[in-house]
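Q: Below are the chains, spelled out letter by letter.
2 protein chains.
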Amino acid sequence: MSRTVSDKMANLRPSAVREILKVTSDPSFIAFAAGNPSAETFDVSALKKLCDSTIDTSALQYGVTEGYEPLREVIRARYGGKYGLVNAGADDVIVTSGGQQVINLAAQSLLNEGDTIICETPSFIGALNTFRAYNARLVGIPMDGEGMIIDRLEAALKAEPRAKLIYTIPTFQNPGGTTLPTERRLRMLELAKKYDVMILEDSPYFELSFGEAPPPAIKSLDDDGYVIFAGSFSKIVAPGIRVGFSIAPKWISAKMIVAKQTQDVHTNGVFQRAIYKWLRDFNIDAHIAKCAELYAEKSAVMLRLMDELFDKRVTYTRPGGGLFLWCDLPAGYSGSALAESMTEKKVAIVPGAAFDVSEDVHNPGFRLNYSVPSVKQIESGITLLADGISAYLAK
Amino acid sequence: MSRTVSDKMANLRPSAVREILKVTSDPSFIAFAAGNPSAETFDVSALKKLCDSTIDTSALQYGVTEGYEPLREVIRARYGGKYGLVNAGADDVIVTSGGQQVINLAAQSLLNEGDTIICETPSFIGALNTFRAYNARLVGIPMDGEGMIIDRLEAALKAEPRAKLIYTIPTFQNPGGTTLPTERRLRMLELAKKYDVMILEDSPYFELSFGEAPPPAIKSLDDDGYVIFAGSFSKIVAPGIRVGFSIAPKWISAKMIVAKQTQDVHTNGVFQRAIYKWLRDFNIDAHIAKCAELYAEKSAVMLRLMDELFDKRVTYTRPGGGLFLWCDLPAGYSGSALAESMTEKKVAIVPGAAFDVSEDVHNPGFRLNYSVPSVKQIESGITLLADGISAYLAK
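As they're listed, the protein sequences go chains X and F.
First residue of the first sequence? That's 1 in this note's numbering, and the numbers climb one at a time after it.
First residue of the second sequence? That's 1 in this note's numbering, and the numbers climb one at a time after it.
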């Protein structure tokens, strides 16, 4: 009787992301299904040098849970200064094992079983599964081309007395590729205050802008301590090193630190120091600009071919940055059926159902990633996908 | 109203370990309070070389949650072969972010709120706080010089219908310094089966033996899938890199992998590969023997001085390995009062209350670490401590 899993984990399956990783690791597939940054953006020789100069007995010893203090300080300086994300005196920075851990620490610190999380649908699978693992109730708010529809958010807040958290990826959303305009950000914040609900702003892509800067972060618009900001070095340095950060009001940061102690004590000490030196000594803005330029080029190739070849009934977003765009088949068609049919042609896409809060297999959407495939793969893959869509819609 | 922390975190304070780290980072203190391995045991140049040869685009990209397959394979080979810890076909290995994460993943995968954990008292604070963070009920079983008193374990299992897990550090226990004899291990396993309760065997120190090998791991005595083994490279390579592992039956490993996905996606890719190469190319047994020799010497100095100088009413364990020993003042005296009085003399010890399942401030015990202080510091510190004890007992 005791050899049974916890109720909260009983129904949680390995996420579709795992299956995606398996497919994308098959090199014969054209991988539009990845969530990875391009390996071309990894500065291997810089990281080798940084590690070599960093590994010493201090980096190898246990460290404090909230993170290596000089790294916390440069994060405060950069993200507070350039983007206004730190409310000095009121906020604390924690170095985390990737942005994913911020989501988990916030959930552990805030949620009682049965509390409600309100989020975009579709949304990031890793976050949805984290909330499910805390036995939270998920309420998905539909999006249009500009992200979460705020009137629907207010209706949900009214209907959900146990709403505890609004989870949002406002900038270059995963999987939507949408960006919430400033006016909607202000309204979301207003509603959070009106209904006394915290916002978890997950923003791993916001610095990867293709043109003009995106609207200010919700965190930077908030003076009243309603926002937890989840940041990450995964998409601007490398994900394998697992370094991210949170910026959050002190009362919640204090609990997140205790939560982190119970999870992994602290984040890898060598890479905390390597990122510190990177931020201190390298021109990170120039590096990010190079990453963004690469993704801007690839997304432009993808969109040009989609405009040319896709059945006109298919709609899609035109992201201003980030790694993803989202396509919708006409009503009545299923992204899952399309994704399955494309595996025969060795083109991997993620069906919308994977990101759907209610996991509806009839979701007509699918996500495309352009950071991982080469320009050549994008050309052949989109051609195959356009043919596959036409064949499916002709059925 | 929503801006309140979760019930499970509301009463969880930063652990005494945090305070310990603060005190031990003050270099003017003699640090008997640490939980760290000695920095002398870190092979800085080997790790530099391993990292340099390891950092490539593959190590920097996202990896699979269960861990880098070649590392899983060498863990299976070493810990399955030499120690019989892997039940081939029935068990899975997961690479984790330190041994701490194994405890958390097991808790997340097994515990419903209100379930009972049975453990030694005193026990490892990091584990106790993890169980508290899942709103588990802790039942502490007293120890004698040979670890958990098994008759008391059976009484607790009878009395606790919601017992879900026995948490134990059977070898060179933290903080007790005790080692459970084979006969007690067999009885614990028998009771786990009789009452259908899983065992979480936390064993970060077992390879650091001062003389003859300790009794076989409980995991190696179990053919029926009742044991989750938590292993760690923190004390035999370095803790700052945060690499550990679990060996557990497949049904629970599958859920632990899903849980890990929600925590940090995967463990640092560079150090997973560095540890793989370490295990493959270096003589890890020779390295471990050197670490154990250092700790054997230091503990011998400490015990010799304690035998000579301590008030005869103080009792203590004589560990056969690991990092810690445990002292008990006579009944009616408090380890907390002694620890506080010693801070004036700049000697840091951890009061037993910190490890006590019921956090009883009247606990007469305290823990001494001998891995961190130098032999010279052990000599002056134990002299000061002996004087402090005499003064306290004379009051």
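Source of the hints: derived by calculation from the structure; they are not laboratory data.
Take these hints with a grain of salt, some might be off.
Identical chains blur together in the list; that is why a pair holds if it fits in one copy or across any two.
EDC-like, lysine to aspartate or glutamate: derived pairs with alpha carbons at most 16 Å apart [unchecked claim]:
no., residue 1, residue 2
1, Lys158, Asp360
2, Lys376, Asp115
3, Lys158, Glu190
4, Lys346, Glu379
5, Lys312, Asp144
6, Lys82, Asp285
7, Lys193, Glu146
Q: Check each numbered hint from earlier against the structure, then list the numbers of those it violates in ascending order.
A: Numbers 1, 2, 5 and 7 - these are the hints that the structure violates, sorted from lowest upward.
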